[in-house]
Structure formats: C-alpha cells, structure tokens
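> Residues per chain are reported as follows:
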Amino acid sequence: MNINSDIAKTYTLSGRKQTMVAILGVLLGMAVYMFMNSMNEGFNRTSNESFFKSTPHLRIYSDDKISAPLQKLSDAEMIIINPKIVPNTAKINDPQAIATVLAKQGEVKVVVPQVAMNVFYNNGKSQINGKTVGFDPAKGNEMFNIKSFMVQGDFDNLSSVSNGIVIGSGIAAKMNLETGDNLSITSSRGVNRVLKIVGIFQTNNSNEDKTKSYVSLTTAQQLMMESNAYVSDINVNFYEFERAKDFAAKYSDMFGYKAEDWQTANEAYMAASRMRTIVITFVSLTLLLVSGFGIYNILNMTVSQKINDIAILKAMGFRGNDVIRIFVTQAMTVGVIGVALGITFAIILINIMKHVYVGGDIGYFPIRFEPIVFLRGTIIGLFITFMAGYIPARKAARVDPVSIFRK
Amino acid sequence: MNVLSVNNIRKSFFDPVEFEVLKGISFDVKKGEFLSMVGKSGSGKSTLLYILSTMDTDYKGELKIDGEVLTGKSLDELARIRNEKIGFIFQFHYLLAEFTCLKNVMIPALRLGKYSEEEIEFKAMEKLTALGLADQAMKPASKLSGGQQQRVAIARALINDPLIIMGDEPTGNLDTKNTDIVFNILKDLAHNSGQTIIAVTHDMDFARASDRIIEMVDGRISD
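Residue numbers (this note's numbering), protein chains in the order written: chain A, 144 to 550; chain B, 5 to 227.
Accuracy of the hints is not assured; some may be wrong.
Straight-line alpha carbon distances no greater than 27 angstroms define the calculated DSSO-like cross-link-like pairs of lysine-lysine that follow [unchecked claim]:
#	chain 1	residue 1	chain 2	residue 2
1	A	Lys538	B	Lys77
2	A	Lys227	A	Lys274
3	B	Lys127	A	Lys152
4	A	Lys208	A	Lys234
Distance windows between CB atoms, simulated [to be verified]:
#	chain 1	residue 1	chain 2	residue 2	range
5	A	Met444	B	Asp62	23 to 31 angstroms
6	B	Ile217	A	Lys160	48 to 56 angstroms
7	B	Met142	A	Arg419	56 to 64 angstroms
Here are some chain B residues the structure puts well away from chain A; computed CB gaps all over 12 angstroms [to be verified]:
#	residue
8	Asn12
9	Thr61
10	Gly150
11	Gln152
12	Asn188
13	Arg216
14	Val221
No wet-lab data here; the hints were simulated from the structure. Glycine is no exception: its CB is placed at the ideal position from the N, C-alpha and C atoms.
Given the sequences, and given the hints that come with them, work out the whole structure.
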C-alpha cells in the first residue's frame with residue numbers, strides 16, 4: 144500500500160467515532176437525496192401517465208379566427224369596427240392528407256384524426272353534460288391505451304358495433320347503465336341518436352369518468368351532421384413526449400393550423416410540476432451539502448490536531464501533494480462508504496414506500512428505483528466529499544514546518 | 005570533500021520590526037564531520053539550521069549540499085532532497101503517535117520508494133536493533149520513554165542513509181545517561197559510517213566533545 148494511503152487509513156481508524164459520525168451524515172444526506180428525487184420522478188411519471196390517458200402529446204386543430212378588419216389605408220378608418228369570430232372554422236381541410244404526411248415523420252408514433260364535441264346524455268327528463276370523442280378505435284387505443292382501464296365490455300366492439308359507445312364509469316353509475324343497454328345522446332348540433340353501450344372505462348380521474356365517452360369516427364361525424372371527411376382535431380403522439388414542444392412550431396408552419404403541445408395546453412400543471420422539482424432539488428441538495436460540511440469539519444479538526452505530524456512529514460520529505468492526498472483519501476473513504484450505505488438505505492426505503500397504498504387515481508406510492516437519480520446523486524455526493532476534503536487538505540499542505548518547530 | 009557549504013547567508017525577520025537575524029554566514033562542512041552549533045538564545049543558530057535543512061527558503065546567499073546549489077529550487081525538489089539526503093532529530097522527538105515505532109522508522113523510506121516494503125522493514129528492524137530497541141518495535145510510539153523515543157527518532161533519521169543528520173537540540177530533553185547514549189551514537193555515525201552531523205545545542209559538554217564548534221553571536225560566527 145502507498146504510504147500516503149497508509150497514513151490516511153491510520154488517521155481514519157484512530158478517529159473511529161468521528162469517522163462514523165461523518166459517514167452517518169453522508170449516508171442520511173445521500174439516502175434522502177435519492178429518495179426525494181426518485182419520488183419526484185415517480186410523481187412526474189404517474190401524473191404524465193394519467194395525463195396521457197386523455198391528452199395527446201400534440202393536437203392540431205383549426206383555431207377560431209377573428210374576422211380581420213379590411214386593410215387600413217394611410218389615413219382612413221377601419222371598415223369593420225366590431226370584428227367577430229368567423230363561423231364554421233373548426234374544421235380541418237383535407238385531414239387525410241395531413242395525417243398521411245404526419246405518419247411519415249420519423250418522430251411520430253401514432254396519428255389519430257378525431258371528432259370531439261359536447262353532448263348531453265339523456266336520462267328521462269334529466270340530462271348529463273358531457274364530451275364525446277370519435278376516432279378509429281384501434282388507433283385511439285394505441286394512443287390512449289384505453290383497453291388498460293376498461294372495467295366492463297370490450298373496447299374492440301366499438302369498431303364492429305356500428306352504433307356502439309364506450310362510456311365512463313361515472314356516467315354509468317349515475318344513469319344506472321351496463322354493457323348492452325341503450326343510451327340516448329344529443330349533440331351540440333341538436334342531433335339525437337340512440338347508441339348501444341359496448342363497454343365502460345374507469346380512469347380514476349372522476350372528471351373524466353363522469354363526462355367522457357368514445358364513439359367511432361362515423362358516429363361522431365353523423366352526430367355533427369358532417370361528411371365523412373370532417374375532422375375537428377388531429378392528435379399526434381411522439382416517441383419522446385418531452386420533445387413535443389420542439390415539433391409544435393414545425394407542424395404549425397407545415398400545415399397552417401394551430402399545433403399545440405401538451406405542455407403549452409397545460410401550462411398550470413407544468414408550472415406546478417416545475418415548482419415541485421425545484422423545491423425538491425433545492426432541499427435535497429442542501430442536505431447533501433450539509434453532510435459535506437460534516438466531513439469538512441472533521442477533517443479541519445484532524446488537520447489542526449495533526450499539525451505536528453504534518454510538519455514532521457514535510458521535514459522528512461513529503462511534498463504538499465502527498466499531504467493533500469493523505470487528507471483527501473481520508474475524506475473520500477468517508478464519502479465512498481457513506482454514499483454506498485446511502486444508496487443501500489435509499490433502495491430499502493424505496494422498496495418499503497413502493498408497497499404503501501395511498502389510494503385515489505395514484506394507487507400505490509409512485510416510487511421506484513431511478514438509475515439516473517442514483518447516478519446523479521453518487522456523482523454529486525462524491526464531488527461534495529472531495530471538496531470537503533480538498534479544502535482542509537490544501538490548508539494542511541501549506542503548513543510551514545519551520546513555524547511549527549519554532550513554537 | 006565538502007558535503008555542505010553556505011556562502012554569505014543573510015536573513016531578516018520583518019515582524020514586529022525589521023531585524024537582521026543572520027548577517028552573512030559562510031562556512032563549509034566536510035564529510036564525516038561532527039559539528040556543533042552553539043550560541044545564546046536569539047543568536048540565530050536555530051534559524052541557520054532550518055535554512056541548512058532546506059525547510060526555510062526565505063534567505064539571501066547560497067546553500068550547497070553534496071555539490072548541488074539548492075538556493076532557488078522548488079519546494080517539491082527540496083522535499084525530495086530532504087527525503088534522500090537529510091535526516092532530522094528534534095528536541096521533542098516528534099514521532100507520529102498513532103504508528104508503531106517500526107512504522108515511524110519506515111515512513112521516510114516508504115516515501116523514498118527505493119526499496120520494497122519488506123526490505124525497508126528489515127532495514128528498519130536492523131536500525132532499531134542497533135539502537136537497542138528491538139523489543140519495542142511493535143509498540144505505539146507514544147508508549148515509550150523519552151530516551152527511547154529519541155532513539156527511535158534517530159533510527160528514523162538514519163533509515164535512508166542520509167549524507168547529513170541535523171539535530172535541533174537532540175539531547176535537550178534527555179537526562180545525562182540518555183544524553184551520553186545519544187551522543188555516542190551520533191559520534192559513531194560520524195566517525196565509522198562517514199555521515200555528517202550538524203547539531204544545534206545548548207549543552208557545552210556535548211559541544212566540546214564533538215569535532216568542531218561553530219559559535220553564533222548576534223547573527224555572526226564568532227572566531
């Protein structure tokens with residue numbers, strides 16, 4: 144063994160109690176850092192998952208247009224002084240062509256043209272407000288994974304039963320409906336249809352469950368009294384949902400319709416998620432930093448206690464770098480052991496929390512082993528311990544032996 | 005042959021007021037010489053020793069050891085030269101308390117890295133045996149008596165077979181019996197192993213028994 148590490152080892156072992164306290168500090172800092180950040184990742188993933196049960200990564204639609212005032216001449220007044228929304232603009236021209244082009248883009252996973260509208264579910268004299276979405280059932284399932292939260296019936300029947308409808312569990316409960324029953328529905332255009340329930344879904348998001356239903360594209364077009372070329376939005380899912388924002392502008396320019404990514408459409412949710420990430424990062428980094436201070440303190444004390452040793456080592460021909468190595472080795476020993484134990488502790492904690500049931504649409508506590516978080520934590524933890532050792536070590540390296548011997 | 009020579013060494017302290025502690029010191033030391041430096045407190049003898057030891061680099065003039073000019077060399081180079089060519093014995097023995105006597109003796113050689121650990125251990129044991137400490141080798145340094153500790157320190161100073169052994173009051177803290185033991189060891193090293201000894205001392209008996217005395221008076225060598 145190298146003599147520097149040998150000396151470091153002796154110092155570490157002779158101050159066993161101090162070393163243990165420092166290790167404990169790093170352990171707790173590391174474990175909490177990894178646990179909190181894994182939890183944050185888990186929260187984000189769960190909320191994204193429940194999000195994408197009903198929201199596409201990108202929605203292309205025709206935004207309402209305000210009638211433009213006629214060109215203003217040099218000093219003339221505007222001709223239209225009270226502009227209004229142009230009627231009948233919520234329609235995409237030639238949606239099949241757009242869908243075909245989109246499907247050819249490398250980043251696009253699935254394209255679903257849909258007809259969305261507000262409807263009333265009629266139950267005798269009372270009506271329930273709701274929203275129905277019509278699309279190709281196979282593609283719709285590929286995008287929202289609807290089959291995974293079906294509780295009754297079969298989603299596939301939507302394509303075989305021509306007047307089929309799949310409704311949320313909330314609607315079914317309120318209206319006392321089951322698969323196979325009939326449901327009368329009135330669209331915003333005043334069209335009445337009686338549809339056959341082929342399935343019931345439950346997302347655990349009560350707002351969705353109480354209002355939402357799915358029909359085939361043809362049924363939806365009929366409810367809107369439109370031709371079979373009518374589509375109100377084109378939904379797009381990407382392979383990487385994080386990059387939806389980058390593609391939005393590109394598609395807006397490409398097709399001339401508004402392309403809105405999920406982050407922009409849900410700014411409030413994104414802001415809350417960012418804020419949570421900032422708070423958790425700040426708190427967990429502070430904890431890591433505090434454990435770094437523990438190491439710094441202990442090494443600072445060791446350096447003061449061993450100042451005679453340092454002087455004698457320098458007199459015997461140890462260079463400044465040797466002295467730095469001795470104390471940095473000591474800090475890194477504490478750091479490596481602390482980080483390793485911290486990882487172990489965090490994994491145990493995560494495994495316990497994973498089995499805690501919290502209910503609601505979350506179910507079990509949304510946490511799991513996140514390799515990226517653990518990697519980041521390890522790097523930051525080792526860096527902090529290195530610095531916590533390096534600063535006192537540099538002080539030790541600068542000790543002037545003559546000034547010590549003269550005392 | 006000159007092992008060490010200094011030429012017109014000057015040094016001043018600036019705190020609290022400017023004070024020239026060494027006023028142009030020049031002398032040569034031959035191989036195998038046992039040299040004592042004496043003088044009153046504040047005469048500059050310790051200051052001079054620390055300059056000779058290469059640990060103090062803040063001086064004017066020139067220092068040569070083994071024919072090599074050391075003035076102006078980097079701290080790392082000086083550390084290497086100290087490690088290889090100079091052994092130290094201090095008044096308060098300054099052993100590393102948490103290590104065994106054997107390890108204390110081995111440390112400078114381990115730093116030098118010229119021999120394997122087994123060879124170094126064998127050599128260290130040899131030195132301790134020669135100084136009558138074979139049975140103390142595995143004890144922690146802090147468990148030994150003052151005289152024993154000083155002998156361990158001598159063994160440590162000898163481990164790299166240095167050209168020069170420097171002592172700052174090597175017997176200052178010892179009783180008469182141990183002083184005699186340490187003195188005889190040093191004398192034997194100078195006369196039989198050809199190693200040069202430079203020792204700062206207050207003890208006039210010790211000085212008179214050595215080969216040569218340099219007396220410092222107010223920053224100068226008196227004649």
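> Does Asn12 of chain B really sit off the interface, with its C-beta more than 12 angstroms from all C-beta atoms of chain A?
At roughly 21 angstroms from the nearest Cβ of chain A, Asn12 of chain B sits farther out than 12 angstroms, so the non-interface label holds.
> Decide, holds or violated, for the assertion that all CB atoms of chain A are farther than 12 angstroms from the CB of Val221 of chain B.
Check passes; 20 angstroms lies beyond 12 angstroms.
> 23 to 31 angstroms was suggested as the range; check whether the CB atoms of Met444 of chain A and Asp62 of chain B agree with it.
With Cβ atoms ~30 angstroms apart, the hint holds.
> Given the hint of 48 to 56 angstroms, is the C-beta distance from Ile217 of chain B to Lys160 of chain A inside that range or not?
51 angstroms, holds
> Run the C-beta distances from Asn188 of chain B to all of chain A and say if the shortest one exceeds 12 angstroms.
Correct as stated: the minimum Cβ-Cβ distance to chain A is 24 angstroms, above 12 angstroms.
> Was Thr61 of chain B rightly flagged as not at the interface, with every chain A Cβ beyond 12 angstroms?
Nearest chain A Cβ is 9 angstroms from Thr61 of chain B, so the label is violated.
> So if I understand the rule, the pair passes when the alpha-carbon distance is 27 angstroms or less; does Lys227 of chain A with Lys274 of chain A pass?
At roughly 26 angstroms apart (the allowed maximum being 27 angstroms), Lys274 of chain A and Lys227 of chain A satisfy the hint.
> Could you check that no beta carbon of chain A comes within 12 angstroms of the beta carbon of Gln152 of chain B?
Non-interface label stands for Gln152 of chain B: nearest chain A Cβ at 18 angstroms, farther than 12 angstroms.
> Check the hint pairing Lys127 of chain B with Lys152 of chain A against an upper bound of 27 angstroms on the C-alpha distance.
24 angstroms, holds
> At the C-beta level, are Met142 of chain B and Arg419 of chain A separated by a distance inside 56 to 64 angstroms?
With Cβ atoms ~60 angstroms apart, the hint holds.
> Far enough from chain A: is every CB of that chain over 12 angstroms from the CB of Arg216 of chain B?
24 angstroms, holds
> Take the C-alpha atoms of Lys208 of chain A and Lys234 of chain A, compute the straight-line distance between them, and say whether it is at most 27 angstroms.
OK: Lys208 of chain A and Lys234 of chain A at ~12 angstroms, within 27 angstroms.
Of the numbered hints stated above, the single one contradicted by the structure is hint 9.
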